[in-house]
Amino acid sequence: MKSSKFASTAFTHVALVLLSILFVLPLLWMLSTSLKPITETLSNPPRWIPSKVLWSNYPDAIKYNSDQLGYIPFLVYLRNTVIVTILTVTGAVISNALVAYSFARLKWKGRDAFFALTLATMMIPFPVLMVPTFSLFRWLGWVGTFKPLWVPAFFASAFSIFLLRQFFKTIPMELSEAAKLDGCSEFRIFTDIIAPLAKPALMVVALFTFMGSWNDFLGPLIYLVDQKTFTLSLGLSAYQTQHGGTPWNLLMAATLLVILPVIIVFFFAQKVFIQGIATSGLK
Amino acid sequence: MKRDLRVGLLFALPWILGFCIFLAYPVIASLYYSFTSYSVLRPPKPIGLANYQELAGDSVFHQALGNTLLYVAGAVPLATIVAIALAMLLNTKVRGMSYYRTIFFLPSLVPMVALGTLFLWIFNGDYGLLNEALRTGHIEPPNWLGDPSWSKWTLILISMWGCGQAMVIYLAGLQNVPVSLYEAADLDGAKLWAKTRNVTLPMISPVILFNVIMGIIGALQVFAVPYVMFPGGAPARSTYFIASYLYDNAFQYQRMGYASALGWVMFVITLALTILALKVSERYVHYETD
Chain A
1 MKSSKFASTA FTHVALVLLS ILFVLPLLWM LSTSLKPITE TLSNPPRWIP SKVLWSNYPD
61 AIKYNSDQLG YIPFLVYLRN TVIVTILTVT GAVISNALVA YSFARLKWKG RDAFFALTLA
121 TMMIPFPVLM VPTFSLFRWL GWVGTFKPLW VPAFFASAFS IFLLRQFFKT IPMELSEAAK
181 LDGCSEFRIF TDIIAPLAKP ALMVVALFTF MGSWNDFLGP LIYLVDQKTF TLSLGLSAYQ
241 TQHGGTPWNL LMAATLLVIL PVIIVFFFAQ KVFIQGIATS GLK
Chain B
1001 MKRDLRVGLL FALPWILGFC IFLAYPVIAS LYYSFTSYSV LRPPKPIGLA NYQELAGDSV
1061 FHQALGNTLL YVAGAVPLAT IVAIALAMLL NTKVRGMSYY RTIFFLPSLV PMVALGTLFL
1121 WIFNGDYGLL NEALRTGHIE PPNWLGDPSW SKWTLILISM WGCGQAMVIY LAGLQNVPVS
1181 LYEAADLDGA KLWAKTRNVT LPMISPVILF NVIMGIIGAL QVFAVPYVMF PGGAPARSTY
1241 FIASYLYDNA FQYQRMGYAS ALGWVMFVIT LALTILALKV SERYVHYETD
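For the protein sequence lines, the chains are A and B, in the order given. Quick note on this note's numbering: the first sequence kicks off at 1 and runs consecutively. Quick note on this note's numbering: the second sequence kicks off at 1001 and runs consecutively.
The shape of chain B in the complex, shown without the other chains:
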């Protein structure tokens, strides 16, 4: 028994160390820092709740928080719908399935910075491909990058292009749905929509839950693409997110304590939304019992 424990811990040692050094310690330390005034040059000085009180009245934070929640509320449901729709199309035994799958998946491999740069060019107001195409169709294009009421939607739209990973996971889920269920539905004369609602979606609901939670966690941290495409959160800070503000506080303004408080707010929101997703899912998610 003793020997088993020793061998087991020895194999797990990298992670035990990694867990302590790169997770447990930073989580606890950032909680402590969030109650201090701390810049890189001076050691942390406890200031009680002052950081959190400042957050409560900080209009930049409020705007960043609103932007982030709006981004999550737009990007996650849209990505879910697009990814499921693509996966269902791919699950129809058409010829060239693996070829289509590759095409839909490929964009999700593109590095964030490259993605930002590429779409800066495509959404370019004067010469961008998209606006040229819209003008050809006699549609006056919106100012994708310069209009604060559009800029967030531009980012959400771009994030759709990278939904390939979720699509592959959905496709795997769809392929696990027993054919017999569809045959039974066919015998009952069920139409496509009825089959989707009553067979497909319930059967892949655990996969949807997994992807939605991963999507929420990812979208709450959105940083690189807006950083590249919209320097300083322009226009009018409409693309300034919690992670952007956190980064600026920590590394531009040298306010590490304030940045840590922001980090904990982000953490709490992540937990709250995850728990919400789990609660909501209790009513809808169907788990195979065997």
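So here's chain A without its partners, still in its complex pose:
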């Protein structure tokens, strides 16, 4: 009995170690490539540790000047992405908190039916909405600006409403009732009592929205025209697809720079993140 238990624990450990190597290897290979001189990226057998660690690949990637594309303004992409992401996260947190509050803690006719409809909309694939949404933004004269990327965030989204509503419902109603007896308006109850208590859930929404916005590719691809307005995702694909000549070491350095902020944010907010995802699947 004892020995079989030991065998199964050993098996679990071996499996976990092997699998985690498999999962982490691509990231390490990216890091390794990004620090190599160009000649060593093509060495056979592959070299994991560069003979000389070239940190200068990073500034080189940022300043990369290609024949076909001209100067690639990495820092401009970064600035654009930061602007869009900050606006999107702000809009999403405010709007989803208000709406989820209404669905979770206010009683009104038709509320539950509308909430069911809201959940059902999660099934609508984005490509279906793409053409009319594009026409709408074109009619508004917003194509080529950041507005199509962040304005919709101020109008809430089904998934975030759902997540926040779950959390708001766990806060005892007595708190609201007591505040109401003290003459608090509903809006004051929301801003002064419920929103502060819901900080972890609001963090989850902020994080998910940050990820979605930082990673978004299709939106920028459709709406951004001028290279000076590109976001990192779109800029990276320009590095990569529009001509094949970018050296792999610089390309990997640029790719790593795009991923890095996401990984940093994840490490700071790991617990919130994991819990948020875990609850999204448990109704």
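Just so you know, not all the hints are guaranteed correct.
List time: in silico DSS-like cross-link candidates among lysine-lysine, alpha-carbon distance up to 27 Å [to be verified]:
1) A/K199 <-> A/K107
2) B/K1002 <-> A/K180
3) A/K5 <-> B/K1002
4) B/K1093 <-> B/K1191
5) A/K199 <-> A/K271
6) B/K1093 <-> B/K1195
7) A/K107 <-> B/K1002
8) A/K5 <-> B/K1279
9) A/K63 <-> A/K228
10) A/K147 <-> A/K228
11) B/K1191 <-> A/K5
12) A/K180 <-> A/K199
13) A/K63 <-> A/K109
14) A/K169 <-> A/K199
15) B/K1279 <-> B/K1195
16) A/K169 <-> A/K271
17) A/K107 <-> A/K63
18) A/K271 <-> B/K1279
19) A/K63 <-> A/K52
20) A/K147 <-> A/K109
21) A/K169 <-> A/K180
22) B/K1195 <-> A/K109
23) A/K169 <-> B/K1002
Hints were generated in silico from the structure; no laboratory data involved.
For this one, chain A is given, so just place chain B on it according to the hints.
Here is chain B on its own, set in the frame of chain A:
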């Protein structure tokens, strides 16, 4: 009562507007556009069923549809198996669990474009890490990116790397399974496989259903990674999906009406597969009744 309604609607106002402007209107408008000939420069002109009739005979669409369904059929079950297996490994109270969880989860954070770029390098035929490793093991590597019979599998394989989100959801589901059930199974002398089949899987079946449906919806829309890795759906359009064709029609060929018809076909397929998953699940999914 009246006041309650007013306050409630006021708080929900962002979403009421968002629902109307960014969901209801586009869904209805795209249905209308799908019956028109429409380019950005000219207003939509009704042409009846012509777009749908053209779709029926459009070999590029057929290929894209076949590719998409094959991708869904490959990626969703594989991701389900991999994610559940990882979650079960992590649920065994081993030391360093949170450390492993981080490693398995991390890749799912990588932006699609970065993911495509990275794997273009790893699957590179001449210098890619993977082929070098295979050659070291005296295995002649397939042409991952250039062979039409492999390219889709390359994409499916890559999508496994990002199964961390589903894994975390499964893990949460596993941790909710009452220990007493396993103790009872132990008393009956149940082996690992029997416990998995009769206790674990039924208990997490609602979570599986949720993840499978989300997986189907996501996989049907696959776009960014193939767009980055396989320009134009190369080789031989083997990586050209419905979303790729829709994007090209709308924004490359200026055929917005045709693109809308494609969008509705995608929508109907999504609904059909979701309903299918729900129907199949009726026989297998176990809901806690309390």
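Okay, the hints, checked on the actual structure:
1. A/K199 <-> A/K107: 23 Å, holds
2. B/K1002 <-> A/K180: 18 Å, holds
3. A/K5 <-> B/K1002: Status violated; Cα separation ~65 Å.
4. B/K1093 <-> B/K1191: 18 Å, holds
5. A/K199 <-> A/K271: 14 Å, holds
6. B/K1093 <-> B/K1195: 17 Å, holds
7. A/K107 <-> B/K1002: Within the cut-off at roughly 11 Å; holds.
8. A/K5 <-> B/K1279: Not OK: A/K5 and B/K1279 at ~40 Å, beyond 27 Å, violated.
9. A/K63 <-> A/K228: Given pair A/K63, A/K228 holds - Cα atoms ~14 Å apart, limit 27 Å.
10. A/K147 <-> A/K228: Holds, at about 15 Å.
11. B/K1191 <-> A/K5: 12 Å, holds
12. A/K180 <-> A/K199: 22 Å, holds
13. A/K63 <-> A/K109: 58 Å, violated
14. A/K169 <-> A/K199: Holds, at about 14 Å.
15. B/K1279 <-> B/K1195: Given pair B/K1279, B/K1195 holds - Cα atoms ~25 Å apart, limit 27 Å.
16. A/K169 <-> A/K271: Measuring from Cα to Cα gives roughly 21 Å; hence the hint holds.
17. A/K107 <-> A/K63: 56 Å, violated
18. A/K271 <-> B/K1279: Answer violated: A/K271 to B/K1279 is near 35 Å, above 27 Å.
19. A/K63 <-> A/K52: The given pair, whose Cα atoms are some 21 Å apart, holds under the 27 Å limit.
20. A/K147 <-> A/K109: 34 Å, violated
21. A/K169 <-> A/K180: It holds: about 17 Å lies between the C-alpha atoms, which stays within 27 Å.
22. B/K1195 <-> A/K109: 47 Å, violated
23. A/K169 <-> B/K1002: Cα-Cα ~23 Å, so holds.
In terms of the numbered hints stated before, the structure departs from hints 3, 8, 13, 17, 18, 20, 22, listed from lowest to highest.
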